[in-house]
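K.L.:
Model the full structure from these sequences, guided by the hints.
Heads up: the sequence shown begins at 0 in numbering that gives the first Met the number 0, then just goes up one per residue.
It is possible that some hints are incorrect.
Pairwise CB distance ranges, derived in the manner of DEER restraints [to be verified]:
# : residue 1 : residue 2 : range
1 : PRO10     : LEU31     : 27 to 33 Å
2 : LEU36     : ASP9      : 37 to 43 Å
3 : LEU31     : ASP11     : 28 to 34 Å
4 : SER39     : PRO10     : 29 to 35 Å
5 : LEU12     : ALA35     : 30 to 36 Å
6 : LEU36     : SER16     : 29 to 35 Å
It should be emphasised that the hints constitute simulated quantities derived from the structure, not laboratory data. For every residue, glycine included, the Cβ atom is placed at its ideal position computed from N, Cα and C.
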Amino acid sequence: MFITGTGLKDPDLAVSSITAHTLEIEPTMEALEAAALQGS
Numbered sequence: 000m001f002i003t004g005t006g007l008k009d010p011d012l013a014v015s016s017i018t019a020h021t022l023e024i025e026p027t028m029e030a031l032e033a034a035a036l037q038g039s
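P.N.:
Here's what the structure looks like:
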């Protein structure tokens, strides 16, 4: 069972939350990697 930052204990909502965070994080990581490649 997942417990999200909002205190929800619904596994489906937790998975949705994790998926949303992942979608937000991935483009940021790509941008950081691109910036690192340009800087080197």
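K.L.:
Run every hint past the structure and note whether it holds.
P.N.:
Comparing the hints with the structure gives:
no.: 1; hint: PRO10 - LEU31: 27 to 33 Å; in the structure: 31 Å, holds
no.: 2; hint: LEU36 - ASP9: 37 to 43 Å; in the structure: 40 Å, holds
no.: 3; hint: LEU31 - ASP11: 28 to 34 Å; in the structure: 31 Å, holds
no.: 4; hint: SER39 - PRO10: 29 to 35 Å; in the structure: 42 Å, violated
no.: 5; hint: LEU12 - ALA35: 30 to 36 Å; in the structure: 35 Å, holds
no.: 6; hint: LEU36 - SER16: 29 to 35 Å; in the structure: 31 Å, holds
Hint check: a violation occurs at hint 4 only; the rest are consistent with the structure.
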